[in-house]
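4 protein chains.
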Amino acid sequence: MTTMAEQEILSNDDMARLVMDIFDKHLPFNRFIGLEVDKSDLSKARIVLPWQDSLMGNPFHKILHGGATSAILDTVGGLMAMLHAVKDAQPMTREEFRQRMANIGTIDMRVDYLRPGKGESFIATAEVIRKGNKVAVCRMELHNQDGTHIAFGTGTYMMS
Amino acid sequence: MTTMAEQEILSNDDMARLVMDIFDKHLPFNRFIGLEVDKSDLSKARIVLPWQDSLMGNPFHKILHGGATSAILDTVGGLMAMLHAVKDAQPMTREEFRQRMANIGTIDMRVDYLRPGKGESFIATAEVIRKGNKVAVCRMELHNQDGTHIAFGTGTYMMS
Amino acid sequence: MTTMAEQEILSNDDMARLVMDIFDKHLPFNRFIGLEVDKSDLSKARIVLPWQDSLMGNPFHKILHGGATSAILDTVGGLMAMLHAVKDAQPMTREEFRQRMANIGTIDMRVDYLRPGKGESFIATAEVIRKGNKVAVCRMELHNQDGTHIAFGTGTYMMS
Amino acid sequence: MTTMAEQEILSNDDMARLVMDIFDKHLPFNRFIGLEVDKSDLSKARIVLPWQDSLMGNPFHKILHGGATSAILDTVGGLMAMLHAVKDAQPMTREEFRQRMANIGTIDMRVDYLRPGKGESFIATAEVIRKGNKVAVCRMELHNQDGTHIAFGTGTYMMS
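Protein chains in written order, with our numbering: chain V, 257 to 416; chain S, 257 to 416; chain L, 257 to 416; chain Y, 257 to 416.
Treat the hints as calculated values from the structure; they're not laboratory data.
Heads up, a few of these hints could be off.
[Claimed, not checked] Calculated pairs, EDC-like style, for lysine to aspartate or glutamate (alpha carbon to alpha carbon, straight line, at most 20 Å):
id, chain 1, residue 1, chain 2, residue 2
1, Y, Lys390, Y, Asp344
2, V, Lys318, S, Asp269
3, S, Lys300, S, Glu264
4, V, Lys387, Y, Glu397
5, Y, Lys300, Y, Glu264
6, S, Lys318, V, Asp280
7, Y, Lys387, V, Asp294
8, Y, Lys281, L, Glu351
9, L, Lys387, S, Glu397
10, Y, Lys318, L, Asp402
11, Y, Lys318, Y, Asp280
12, S, Lys387, L, Glu397
13, V, Lys318, S, Asp277
14, Y, Lys343, Y, Asp280
15, Y, Lys343, Y, Glu264
A quick note: this is a predicted structure, and the numbers were derived from the prediction, not measured.
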């Protein structure tokens with residue numbers, strides 16, 4: 257049985273909001289490490305990671321583990337790829353939306369670690385540098401709360 | 257005051273064991289996501305990640321989050337780089353060892369996601385493809401418990 | 257007007273031979289730098305680059321320019337992607353084949369330079385590590401005539 | 257016997273000019289494919305590649321071969337790395353300079369192909385995103401004469 261909600265036709269803004277909600281609340285790993293999606297602008301991928309000691313990658317200093325850096329960069333690039341996918345999409349049902357999103361995934365990613373990840377809060381952003389229906393490429397950046405640039409990422413995402 | 261333990265001269269095997277201990281027990285992020293270092297062979301980097309639901313990267317399916325994949329690949333490459341660094345090192349004190357290890361870090365990494373991360377347990381391995389005192393390059397692989405190949409990694413590590 | 261040759265239906269072996277011919281004889285840049293495609297096995301991508309002084313990337317030593325290394329690695333990965341595309345393809349006309357091939361291209365590539373490119377002849381090989389109708393990923397290697405390993409490559413290719 | 261020229265002490269500007277001269281005139285492969293170094297600003301890496309049919313990577317269309325794209329990106333990144341190395345270096349003799357430059361080389365590079373390489377002239381630029389005495393990382397870009405963005409590169413360079 258399909259519920260009424262499933263038959264509802266989603267607008268582009270509805271879809272962008274849903275994508276942000278999924279990344280913010282429904283991906284267990286994102287919650288586990290404490291990622292918070294900034295939903296103030298539906299066209300922008302921006303994720304905040306507040307410091308917690310469990311993110312330490314060094315037994316002596318409060319420095320973000322490189323794995324946490326790569327995780328947040330992969331995530332913000334994937335979020336940007338999905339926002340890009342829904343921006344100009346035809347309106348669709350929730351079920352069509354779900355199938356569409358299930359096809360999106362990272363093919364490959366490069367991370368460039370620029371500086372030690374020191375900070376109280378980390379901000380990841382992304383932009384699309386290659387737009388496409390089949391494949392998109394994003395560039396990602398990680399800064400701390402003071403604007404210190406910690407890492408770059410480049411990710412290639414399957415779009416359909 | 258320096259304790260006797262600090263003045264103790266470490267052999268290459270001592271150092272390899274210490275590196276494995278650090279990665280296994282003293283890196284908070286590694287413990288947080290549940291990485292277990294296989295210490296049965298001091299020359300090999302092998303890390304196991306047992307499945308837990310908090311590693312899910314998909315709201316519908318039990319699939320490893322791409323960020324967890326990149327985190328374990330970065331970690332196993334870093335472990336391999338450190339094992340490589342201590343293998344032919346001159347014996348040194350614990351304090352010298354600590355300083356030496358503090359200089360090792362990831363410069364950049366590429367991850368290639370090959371298949372969805374399905375499994376009960378994930379095994380990451382690494383080998384050094386470019387040996388050097390200043391920079392080393394490792395290739396990493398992630399398989400599940402059945403030998404299904406899930407991802408490749410290539411990491412460049414600062415060695416001094 | 258379509259010639260008879262255009263209407264001819266190509267078998268998988270015909271297509272593989274055509275792909276090899278194109279890379280060997282009809283890509284001006286490949287001829288320019290002197291790439292020679294090994295056509296002895298229709299399932300394998302293997303390209304040979306004989307040394308010539310114009311490939312020098314160093315004013316003092318006979319070392320292959322890093323740009324020549326990346327060029328041959330990109331090329332052998334693209335050749336492998338095309339051979340992979342035609343291997344299980346339905347028989348098609350020459351015109352369909354041409355359109356199919358025109359869609360194949362490199363999305364991104366990583367090159368790892370392992371050792372100085374010294375040698376009289378360089379051999380590039382490739383294998384497919386991610387198979388797909390939309391995107392394929394290849395790993396490439398460059399050795400010299402003595403088997404010295406000079407470089408690794410990883411390339412992501414658009415397939416349709 | 258050392259000539260007087262060898263004993264001459266080079267200033268930072270002397271060294272930057274020498275680096276540009278080497279890339280412009282003394283690297284055989286650069287001359288072979290037609291690279292021209294823009295020497296108007298000693299702090300900036302900018303290389304121009306005028307179209308010639310031998311650079312074609314497609315039998316039907318005038319499109320730059322992906323290998324030519326990766327070659328020019330690797331080259332402009334290497335030029336930038338060297339300019340960065342000499343910018344703050346202590347004055348040194350020509351022989352010391354030569355030894356210093358001989359140690360600089362590409363460790364790894366990623367190329368992202370964004371659009372087909374159509375144009376009459378291609379302009380490659382680079383900037384340093386990770387500065388270091390041992391390792392530097394550059395980001396490179398390729399545009400055509402109209403400003404169309406054709407490719408991105410990211411390169412990690414050994415500096416000593």
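Hints, verified against the model:
1. A threshold of 20 Å between alpha carbons decides the hint, and for Lys390 (chain Y) with Asp344 (chain Y) the separation of about 14 Å falls inside it, so the pair holds.
2. Our distance criterion of 20 Å between C-alpha atoms is broken by Lys318 (chain V) and Asp269 (chain S), whose separation comes to about 28 Å.
3. Taken as a hint, the Lys300 (chain S) and Glu264 (chain S) pair is broken in the structure, with Cα atoms around 25 Å apart against an allowance of 20 Å.
4. Straight-line distance between C-alpha atoms of Lys387 (chain V) and Glu397 (chain Y) comes to about 17 Å, which keeps the hinted pair within the 20 Å bound.
5. Between Lys300 (chain Y) and Glu264 (chain Y), the direct Cα distance comes to roughly 25 Å. Violation of the 20 Å bound is thereby established for this hinted pair.
6. A threshold of 20 Å between alpha carbons decides the hint, and for Lys318 (chain S) with Asp280 (chain V) the separation of about 18 Å falls inside it, so the pair holds.
7. Of the supplied pair hints, the one linking Lys387 (chain Y) and Asp294 (chain V) is violated, its CA atoms being roughly 31 Å apart against a limit of 20 Å.
8. With a C-alpha separation of about 44 Å, the suggested pairing of Lys281 (chain Y) with Glu351 (chain L) is violated against the 20 Å cut-off.
9. As the CA atoms of Lys387 (chain L) and Glu397 (chain S) are separated by approximately 17 Å, the hinted pair is consistent with the 20 Å bound.
10. A C-alpha spacing of about 37 Å is found between Lys318 (chain Y) and Asp402 (chain L), which places the hinted pair above 20 Å, so the restraint is violated.
11. For the given pair, Lys318 (chain Y) sits about 25 Å from Asp280 (chain Y) by alpha-carbon distance, which is inconsistent with the 20 Å threshold.
12. The suggested pairing of Lys387 (chain S) with Glu397 (chain L) holds, with an alpha-carbon distance near 17 Å, which does not exceed 20 Å.
13. Distance restraint check for Lys318 (chain V) and Asp277 (chain S): the Cα-Cα separation of roughly 19 Å lies within the 20 Å cut-off, and the hinted pair is therefore satisfied.
14. Restraint check for Lys343 (chain Y) and Asp280 (chain Y): satisfied, since their Cα atoms lie roughly 19 Å apart, inside the 20 Å limit.
15. Pair hint Lys343 (chain Y) plus Glu264 (chain Y) holds up; C-alpha atoms about 18 Å apart against a cutoff of 20 Å.
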